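Visitor: Required output: the full structure, derived from the provided sequences and hints.
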Amino acid sequence: NAGVTQTPKFQVLKTGQSMTLQCAQDMNHEYMSWYRQDPGMGLRLIHYSVGAGITDQGEVPNGYNVSRSTTEDFPLRLLSAAPSQTSVYFCASSTGQGARGETQYFGPGTRLLVL
Amino acid sequence: TQLLEQSPQFLSIQEGENLTVYCNSSSVFSSLQWYRQEPGEGPVLLVTVVTGGEVKKLKRLTFQFGDARKDSSLHITAAQPGDTGLYLCAGPYFGNEKLTFGTGTRLTIIP
Numbered sequence: 001n002a003g004v005t006q007t008p009k010f011q012v013l014k015t016g017q018s019m020t021l022q023c024a025q026d027m028n029h030e031y032m033s034w035y036r037q038d039p040g041m042g043l044r045l046i047h048y049s050v051g052a053g054i055t056d057q058g059e060v061p062n063g064y065n066v067s068r069s070t071t072e073d074f075p076l077r078l079l080s081a082a083p084s085q086t087s088v089y090f091c092a093s094s095t096g097q098g099a100r101g102e103t104q105y106f107g108p109g110t111r112l113l114v115l
Numbered sequence: 116t117q118l119l120e121q122s123p124q125f126l127s128i129q130e131g132e133n134l135t136v137y138c139n140s141s142s143v144f145s146s147l148q149w150y151r152q153e154p155g156e157g158p159v160l161l162v163t164v165v166t167g168g169e170v171k172k173l174k175r176l177t178f179q180f181g182d183a184r185k186d187s188s189l190h191i192t193a194a195q196p197g198d199t200g201l202y203l204c205a206g207p208y209f210g211n212e213k214l215t216f217g218t219g220t221r222l223t224i225i226p
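Residue numbers (my numbering), protein chains in the order written: chain A, 1 to 115; chain B, 116 to 226.
It is worth saying that the hints were derived from the structure and are not from the lab. Since the structure is predicted, the reported quantities are computational estimates derived from the model, not experimental observations. Hints are supplied without guarantee of correctness; some may be wrong.
Label-pair restraints from in silico Cβ distances [said to hold, decoys possible]: (1) B/T135 / A/T95: 28 to 38 Å; (2) A/Q22 / B/T223: 28 to 38 Å; (3) A/Q17 / B/G168: 50 to 60 Å; (4) B/S141 / A/Q17: 33 to 43 Å; (5) B/G168 / A/S80: 45 to 55 Å; (6) A/N28 / B/E212: 15 to 25 Å; (7) B/G168 / A/T5: 35 to 45 Å; (8) A/L79 / B/F209: 44 to 54 Å; (9) B/Q129 / A/S80: 47 to 57 Å; (10) B/F209 / A/I54: 18 to 28 Å; (11) A/G3 / B/L173: 14 to 24 Å.
Cβ atoms here follow ideal geometry from the backbone N, Cα and C, with glycine treated the same way.
Guide: Printed below as a string of structure tokens:
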């Protein structure tokens, strides 16, 4: 059971470049989310999805797009990378958003450096 | 944005010592979770507490939810090097569907 997988593990981009961070889960979870982790700031929610075809913005959505065409996959797109998007990105899946204490299962993360 | 503060931000202690880390907010949580994150990995759930005043034990780790459901603590007895990691609390504020994560406590246990 692979759980939540993310690719790539590391990426270096130049300012203005675009890229897609991949996320897949094999637990048939309806809820998936993207977080960014910066020192001293915990995890901040970027975008989330409550099921295929449904996405919504989180706390810090600017500069990022998402789509959810299948239950398994939830890619995150950086439209025009900026140095402020240098961070570690985590994808998570769950049976729910967390309002009832649902466990969030996290992937191993993608470390992104924007020069 | 509601803040979920954790203290201390960094803690480095000798193996065998006891420690407590805290998670505080001015707002009420519906429930609260503690996660541990090891270097290069994603966070992993340790425990979920739901009821005000609830205490849960996981081997040498004791988790307590405040009576008013605005704060929580994690106490580790006889810390071991394997306890090293980033400890994150997270909870949905009452009336909010989504999780808010705390700022984290980075714990280092020195052998």
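Visitor: It remains to establish, for every hint, whether it holds in the given structure.
Guide: Comparing the hints with the structure gives:
no. : hint                       : in the structure
1   : B/T135 / A/T95: 28 to 38 Å : holds (31 Å)
2   : A/Q22 / B/T223: 28 to 38 Å : holds (33 Å)
3   : A/Q17 / B/G168: 50 to 60 Å : holds (51 Å)
4   : B/S141 / A/Q17: 33 to 43 Å : holds (41 Å)
5   : B/G168 / A/S80: 45 to 55 Å : holds (49 Å)
6   : A/N28 / B/E212: 15 to 25 Å : holds (20 Å)
7   : B/G168 / A/T5: 35 to 45 Å  : holds (39 Å)
8   : A/L79 / B/F209: 44 to 54 Å : violated (35 Å)
9   : B/Q129 / A/S80: 47 to 57 Å : holds (48 Å)
10  : B/F209 / A/I54: 18 to 28 Å : holds (24 Å)
11  : A/G3 / B/L173: 14 to 24 Å  : holds (21 Å)
The structure is inconsistent with hint 8 alone, although it conforms to all the rest.
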